[in-house]
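Produce the entire structure from the sequences given, and follow the hints as far as they go.
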Amino acid sequence: MSRFISLFVLAALLAVTLADLAPPAPRSATTGFSAVRALGDVREIAKAPHPTGSPENDRVREHLVRRLTALGLDTRVHESVGVFPVKHDGPASVGKVRNIVATRPGTASTGRVILAAHYDSAPGAPGAGDDGAGIAALLEVARNLPQNLRNDVIFLLTDAEEPGLLGAEAFARDNRFDGPVVVLNHEARGVRGTVQMFRSSGPFGEVYGSAAPHPSADSAFASLMAVMPNNTDFHVFDQAGWMGLDSAFIGGGAYYHTPLDDPAHLDPGSLQQMGDNALAVATALAGRDLRALGTGESVFFTVPGGMIRYPGWLEIPIAVLALALVAGLIVLLRRRGLVTLPRTLGAAGLSLVTVVLAGASGYALWPLLKVLRPDYGAMFTGDPYRPWLYQAALLVFVAAIVLVCVTLFRRLATPRPATPARSATSPVRGSAVPGSPVASARGGGHERSLIGPAAGALLLVALLGLLSALLLPGGSHGFAWPALFAALGWMVSLFLPRGGIVALTLGLVPAAVMLGGTALTSLDIGLRIGGVISAPHFALLLLLLLPIVAFAPRRRTTLLVLPVAAVVLIAAGLAADRFDTAHPRQDAVAYAVDTAAKEARWGRFGGVSADSARFFGEVDMVTSPAPVAPLRAPELTVLKDVTSGGTRTLTVRLTPAGPAPAVGLGVGKPGAKITVADRDLGERSGFTFHAPPAGGVEATLAVPAGETQIRIFQHVYDMSVIPGYRLPAETMQMRPLATAFLTKIVAPAR
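Position 633, counted from 1, in the sequence shown is what this note's numbering calls 684; the numbers after and before it change by one each time, with no gaps.
I should point out that these hints are in silico values taken from the structure, not numbers from a laboratory. Among the hints, erroneous ones may be present.
To be verified - Here are the simulated SDA-like cross-link-like pairs (lysine to any residue), alpha carbons at most 20 angstroms apart as the crow flies:
| id | residue 1 | residue 2 |
| --- | --- | --- |
| 1 | K724 | D140 |
| 2 | K691 | K724 |
| 3 | K720 | T759 |
| 4 | K724 | V137 |
| 5 | K720 | H139 |
| 6 | K649 | P774 |
| 7 | K724 | T688 |
| 8 | K795 | L687 |
| 9 | K421 | F656 |
| 10 | K421 | R636 |
| 11 | K421 | T782 |
| 12 | K724 | G697 |
| 13 | K649 | G775 |
| 14 | K649 | I796 |
| 15 | K98 | A633 |
| 16 | K649 | L793 |
| 17 | K795 | A647 |
| 18 | K724 | A756 |
| 19 | K720 | T688 |
| 20 | K795 | P721 |
| 21 | K691 | T706 |
| 22 | K98 | H114 |
| 23 | K795 | G757 |
To be verified - Beta-carbon label-pair distances, calculated as ranges:
| id | residue 1 | residue 2 | range |
| --- | --- | --- | --- |
| 24 | A76 | A627 | 24 to 30 angstroms |
| 25 | A708 | L423 | 42 to 48 angstroms |
| 26 | D631 | N195 | 38 to 44 angstroms |
| 27 | V128 | A315 | 27 to 33 angstroms |
Predicted model, so just to flag it, every value in this text is computed and none were measured. Every residue, glycine too, gets a C-beta built ideally from N, C-alpha and C.
Quick look at the structure:
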């Protein structure tokens with residue numbers, strides 16, 4: 052097997068990996084889950100933006116209640132008050148929520164299986180992907196779910212996820228179930244792509260891997276999400292002690308939370324994959340004894356044809372074994388005069404530098420693009436509409452970084468004249484195997500100089516596997532298995548009389564599938580975040596390929612080819628990804644009017660203005676004069692005012708001035724303790740109450756004695772109320788928000 056055939060085989064395996072992860076074709080069958088049929092519900096749900104507190108939100112809720120009732124489910128609307136459950140600075144997000152709860156009782160229930168998605172959308176976004184796809188998938192699952200299942204199945208369609216997981220928080224707070232609860236949550240951060248099970252709690256690798264017809268999951272992402280801020284409803288369910296899985300598709304992030312998150316841009320294949328998996332996993336869980344699920348965590352990841360999973364306690368032993376095999380390989384190479392230990396360690400250090408530089412390039416790409424095209428700065432998810440040429444440029448530039456470092460490696464790894472342990476007439480066994488890269492390396496030339504760098508890179512991957520096993524449980528397999536198999540393949544190649552390249556190729560299969568797969572699929576997250584994940588993984592893959600590639604440029608001009616190619620690809624990307632009516636710019640301008648002073652401002656994030664806090668309650672907004680709109684602030688009524696022991700306790704009612712999706716207040720004095728609608732918020736600077744009742748919201752403010760400054764405000768999501776407001780050509784408004792406010796000094800009662 053030649054080197055080119057070897058690389059072709061590995062590239063083909065990577066292509067097979069990506070094809071295996073791709074969403075299936077949508078089906079229109081009369082039986083089973085049909086994305087074509089589910090799209091009908093998406094079109095009904097996503098006719099218009101339907102944020103919490105809007106008339107469209109009411110219309111969508113009524114439609115969903117009718118649909119679930121017609122499917123024979125016991126359907127009710129759960130009304131409550133939810134509070135954003137994540138600790139943060141600033142005003143609290145609170146709201147009146149109306150969750151839809153539809154139940155199919157089990158025949159001999161051992162617990163509850165909850166299928167969840169949220170039916171509200173972001174302001175200004177029709178919400179076909181986020182989360183109309185999840186809602187439509189659940190309706191189609193309800194239609195196809197087998198009868199007479201053992202466990203209770205609950206379809207939970209939450210309200211007010213967008214303003215802060217309010218519906219999920221209220222439902223989990225108000226429902227303390229007996230027995231196990233398993234939640235399958237469905238989300239989207241785009242309009243296309245593979246549906247990834249990216250987070251779990253409990254031992255569900257086996258259930259998901261065996262039941263889902265299109266599995267795509269990785270416990271490394273689940274482990275990473277556990278230590279990162281994350282805001283889906285699943286966070287609430289996990290904090291409530293419920294087990295489950297969180298799934299989403301994230302491709303096409305440029306459409307997320309925009310007016311183009313509509314049915315026309317939603318990929319039916321992603322909807323089909325979401326529904327197929329949800330139906331299969333829900334059926335499996337609803338038919339088994341949930342009390343026997345256990346509590347152990349597992350390691351799991353997707354490979355072509357299925358999912359590999361094993362107990363979490365094996366993670367550290369596997370990582371240690373991988374490191375031991377790499378160490379054994381280095382000892383073997385050293386005994387044959389191919390490497391020295393100091394230079395191998397130095398090569399590992401330079402490999403780390405290479406990976407860090409690759410990660411830095413992934414981090415720097417999006418800021419660079421914003422410099423070249425400033426309008427990219429407003430792209431909400433840090434991803435353009437047509438990212439593919441930019442993605443290619445990043446990968447090519449990473450290859451350039453590796454190539455430059457390999458050139459440095461050659462100087463580091465060029466060995467001193469070796470003193471063979473045996474005479475020239477009695478060579479070391481395997482040291483001159485025909486057809487093996489190592490064999491030609493013994494020739495002492497160009498290829499031999501890459502053996503040390505390759506061994507150092509392999510050592511780095513093994514060390515990363517062990518560190519991940521210790522510090523990020525569930526996340527080591529992406530390094531440990533490639534290192535383990537690459538070391539085995541390399542060792543075998545040293546002893547084969549012929550065909551050592553075959554052993555090397557087989558040993559690099561996990562690297563191609565796992566490191567290469569992660570490098571390419573993570574780009575779906577968006578250039579801003581995905582580039583930082585993709586670039587280091589791609590660099591590690593290229594470094595592990597050194598024993599096969601055995602290439603380093605001998606002329607300095609050769610080093611310029613790949614950087615120049617990356618520049619050309621970026622230039623081509625700028626030419627291809629132009630803004631137009633179908634791919635408009637994104638504008639995130641906000642508006643606020645002081646109804647007492649009759650002054651108004653536009654506001655944009657990204658700077659500081661002296662009057663930012665006054666108009667927007669935020670200090671990091673750039674303001675500019677705006678026309679005064681005929682908006683009204685809510686009415687503040689003091690119901691009770693008591694001062695005792697240096698603390699003033701105000702009971703107030705905040706009444707909307709007409710229909711409004713949100714009202715709120717901010718307190719001028721720090722340390723205010725706030726209770727609103729009987730929910731204790733603790734110490735807060737204020738609150739925003741979503742979907743307020745027409746009669747107003749009561750709140751209690753415990754503040755230091757004396758005069759109290761209170762800023763009261765009311766939101767609307769319609770920018771057309773602003774005189775002369777017009778969007779520039781080829782531009783769309785992101786999360787439209789117009790605020791009417793006034794500031795009152797409330798003196799103590801006498």
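Hint check:
1. Only pairs whose Cα atoms come within 20 angstroms are accepted, and K724 paired with D140 is accepted, the gap being roughly 14 angstroms.
2. Simply put, K691 and K724 have alpha-carbon atoms about 16 angstroms apart, close enough for the 20 angstroms limit, and the pair holds.
3. Taking the CA atoms of K720 and T759, the gap is near 7 angstroms; set against the 20 angstroms cutoff, the hint holds.
4. Among the hinted pairs, K724 with V137 is consistent with the structure: their alpha-carbon atoms are about 17 angstroms apart, no more than 20 angstroms.
5. Pair hint K720 plus H139 holds up; C-alpha atoms about 18 angstroms apart against a cutoff of 20 angstroms.
6. About 14 angstroms separates the Cα atoms of K649 and P774, which keeps this hinted pair within 20 angstroms; it holds.
7. Restraint check for K724 and T688: satisfied, since their Cα atoms lie roughly 18 angstroms apart, inside the 20 angstroms limit.
8. Proposed proximity of K795 and L687 is supported: the alpha carbons are some 9 angstroms apart, at most 20 angstroms.
9. Under the criterion of a C-alpha separation no larger than 20 angstroms, the hint pairing K421 with F656 is consistent with the structure, at around 15 angstroms.
10. Between the alpha carbons of K421 and R636 the distance comes to roughly 13 angstroms, so the proposed pair stays at or under 20 angstroms and holds.
11. Annotation: proposed proximity of K421 to T782 holds, straight-line Cα distance about 17 angstroms (limit 20 angstroms).
12. Restraint check for K724 and G697: the C-alpha separation of about 14 angstroms stays at or below 20 angstroms, so the hint holds.
13. Of the supplied pair hints, the one linking K649 and G775 holds, its CA atoms being roughly 16 angstroms apart against a limit of 20 angstroms.
14. Taking the CA atoms of K649 and I796, the gap is about 18 angstroms. The hint holds against a cut of 20 angstroms.
15. A hinted pair counts as satisfied when its Cα atoms are at most 20 angstroms apart, and K98 with A633 qualifies at roughly 18 angstroms.
16. Restraint check: the Cα-Cα separation between K649 and L793 comes to about 10 angstroms, which is no more than 20 angstroms; the hinted pair holds.
17. Distance check on the hinted pair: K795 and A647 sit about 10 angstroms apart at the alpha-carbon level, within 20 angstroms; holds.
18. Note on K724 and A756: the hinted pairing holds, with a Cα-Cα distance of about 13 angstroms set against a maximum of 20 angstroms.
19. Taking the CA atoms of K720 and T688, the gap is about 19 angstroms. The hint holds against a cut of 20 angstroms.
20. Distance check on the hinted pair: K795 and P721 sit about 16 angstroms apart at the alpha-carbon level, within 20 angstroms; holds.
21. Distance restraint check for K691 and T706: the Cα-Cα separation of roughly 16 angstroms lies within the 20 angstroms cut-off, and the hinted pair is therefore satisfied.
22. For the hint linking K98 to H114, the alpha-carbon distance of about 12 angstroms falls within 20 angstroms, and the restraint holds.
23. Our distance criterion of 20 angstroms between C-alpha atoms is met by K795 and G757, whose separation comes to about 14 angstroms.
24. A hinted range of 24 to 30 angstroms holds for the C-beta pair A76 and A627, which are about 27 angstroms apart.
25. About 45 angstroms separates the C-beta atoms of A708 and L423, a value consistent with the hinted range of 42 to 48 angstroms.
26. The given range of 38 to 44 angstroms is respected by D631 and N195, whose C-beta atoms sit roughly 40 angstroms from each other.
27. For the hinted restraint 27 to 33 angstroms between V128 and A315, the CB-CB distance of approximately 30 angstroms keeps it satisfied.
When the structure is compared with the earlier hints, no violation turns up for any of them.
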